[in-house]
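Please build the complete structure, drawing on both the sequences and the hints.
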Amino acid sequence: MSARRILARQIFAGPARYASIAPYVWMVLFFLVPFAFVLKISLSQTAIAQPPYTPVFDVADGWAAIKHAFGALSIDNFRLLVSDDLYVLSYLRSLVVALVSTAILLLIGYPIAYGMARLPKRWQPIAMMLVIVPFWTSFLIRIYAWINILQHDGLLNQILLALHLVAQPVVWLSTDSAMYLGIVYSYLPFMILPLYATLVKMEPALEEAAADLGASPLHVFWLITFPLSLPGVGAGVLLCFIPIVGEFVIPDLLAGSNSLMIGQTLWLEFFTNKDWPVASATAIVLLVLLIAPLLLYDRLQRRQLEQR
Amino acid sequence: MAEEARKDEVAPTSLKTEPQALPVTEPGPLPQANMPLLRIEGVAKKFGSFRAVDHVSLDVAAGEFFALLGPSGCGKTTLLRMLAGFETPDEGRILLGGNDIAQVLPHERPVNMMFQNYALFPHLSVHDNIAFGLRRAGMAATEINTRVAEMVALVKLDGLEKRKPDQLSGGQRQRVALARSLARRPQVLLLDEPLAALDKKLRESTQLELMELQRRLGMTFIIVTHDQEEAMTVASRIGVMHAGQLDQVATPRELYEAPASRWIAGFVGEVNLFDGEVRTREHNRIVVSTRDAGAITVAEPRNPVTKINVSVAVRPEKVKLSRRGPVADGLGNGSINRLEGVITDVSYLGGLTVYKVRLDSGAFVRSSVANTARIGVNAYSLSQRVVAWFAPDDCLVLEQ
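Protein chains in written order, with the numbering used here: chain L, 1 to 308; chain Z, 1001 to 1400.
Watch out, some of these pointers could steer you wrong.
Short derived list, chain L residues pointing at chain Z, Cβ under 10 Å [to be verified]:
id: 1; residue: 208
id: 2; residue: 209
id: 3; residue: 211
id: 4; residue: 214
id: 5; residue: 216
id: 6; residue: 220
id: 7; residue: 228
Calculated from the structure, these hints are not laboratory results.
By construction, the Cβ of each residue, glycine as well, lies at the ideal position given by its N, Cα and C atoms.
So, in structure tokens, the structure goes:
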């Protein structure tokens, strides 16, 4: 071993040993600590002040102050979330929108991913580029582009009129259809990519073996291809479902204002009503709701690993 | 041993007693008396401008163990995939029991395939892998269980039915694949390099098991392999493929002792080749004058040589070595070919030793000598001067 290599070892041995705790430091600094702040705010009372809630205790005031601060904590905000059906309804709407969009995404994304995985090897990177290319334009600009296409005298209505499919321009904007269109359009890559990744790894001989053993193309898909692509389906569904539940921009710009998704409600509480405690409580409940499917997925994956 | 023998009897009889079990494998109209089970007629397949299979015709009889042998890219796998239905021939017919199946979809063919990397379904247990094809055929559950148990016993996998493929060793996976492809009792079983992933020892024992299994079941097996030893071990007939064409179809012995071309002679086993011109032919003997080894006397082949430019081929084990030559050693026979040279390489392989002799012309001759005695009485050492000799009957004349 050369001297230089020994030196390099001495320099890097220490830091390398601590590198494994980096993710935990990250989690504590940028997730747990902010989460604790939000939790604390959610348990506080609204106040006309800056910031607009009862102030954080000052450690300098000693134990009594801390005790007082804890004593002032209340779960009133969480009670409000349950008692006012505005919140319950927007949670429900968020879940329904996320479920429906994820189902549509899976139905559209699976055939695309399957087709990509079965393309000749040299075409696959190009197909992949085509899926990723929309990311090169700002997400907001793309949603505004959709507003342009969907508006009263927009491209879509012009085409429909030119083809004599409709007699009058159709109202697209501020409808649920427009919102679903926007969501499906925006999240499609997140569904396609994990599906493609599992499908492309699957040995084509497996499908051939199934056909050889008498399985019709439909049976081959349901008995072999689909079960083996479940990890990709799970990843794609979660990658889409979780952010769609909290989606704010797309429903705000494309859907009507009759019913709100939870992201919009949160925005309203925080910026319009300036009710930080209720907004924080809303965020906490949302997080708890989303952790449930995540844990479920984690358990499924773990079970799959154990079976190996 | 007694149990083993009984098992031998069970498999073929159960084949006969329940012919309706699998409608798919039921033979269609009975083949005509002199019609082979499988007839391939002028089958051709192109990928782009590449002729993968170039007008191949072949008959395989029922109960035969046939091997398709060739280097990679020769089209043997494409031909096999056309038999399984994964590729459709551009031209020609594939007749199975008299019916053209060239356009029949894979899942509707009474033919099963064992895949090179086994292609076991990773999410299904051994039992479910073997039962997969039976379920597709709509067999009753109890019947499926009986058949799977029978197959598991046949390939000696007892006790592993609940395992998933990735909990098995390579050899066990190979057996599951075999059981799965046999379970439907196909009219023809196709095997695509079935032993390529096994190590040498396991491969050799599996070859013997495969032969025994084929004989016991009386099924028609078609194996694709690039390994000429494997083909010669298992198959009763071998078809050699080269550049999309079927060059020769013969028994292993014929293929080795009477290869149809220079290329086959070189592909199947080792060979010494001397290029030359035919000089004289009399008394069933041809004298070929070669650049590297002078005049060589060879026996006139059954199919008379028509060309002047020929190659003389001699297998290394037919080239004998001696210190002073056959005549001086009392083995003399006027027409024996004698080549003198110096030993430049000795490879001891256990059962035999291969010597490389540099002739005075600069060309090399290989001779393999069986080590029939423990103490090497016939051993020659490096740079020793020897006479390499061989009889005219041991030579082959191949047209160039």
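To see whether the hints hold, each was checked on the structure:
1. Interface hint at residue 208 of chain L: satisfied, since its Cβ lies 6 Å from the closest Cβ of chain Z, which is below the 10 Å cut-off.
2. Among the interface hints, the one on residue 209 of chain L holds; its C-beta lies about 4 Å from the nearest C-beta in chain Z, closer than the 10 Å criterion.
3. The criterion of a C-beta within 10 Å of any C-beta in chain Z is met by residue 211 of chain L, whose closest approach is roughly 4 Å, and the hint holds.
4. Restraint check, residue 214 of chain L versus chain Z: the minimum CB separation of about 4 Å is within 10 Å; hint holds.
5. Restraint check, residue 216 of chain L versus chain Z: the minimum CB separation of about 6 Å is within 10 Å; hint holds.
6. At a threshold of 10 Å, the smallest CB-CB gap from residue 220 of chain L to chain Z is about 8 Å, leaving the interface hint in force.
7. Given the 10 Å rule on beta carbons, the hint for residue 228 of chain L holds: about 6 Å separates it from the nearest Cβ of chain Z.
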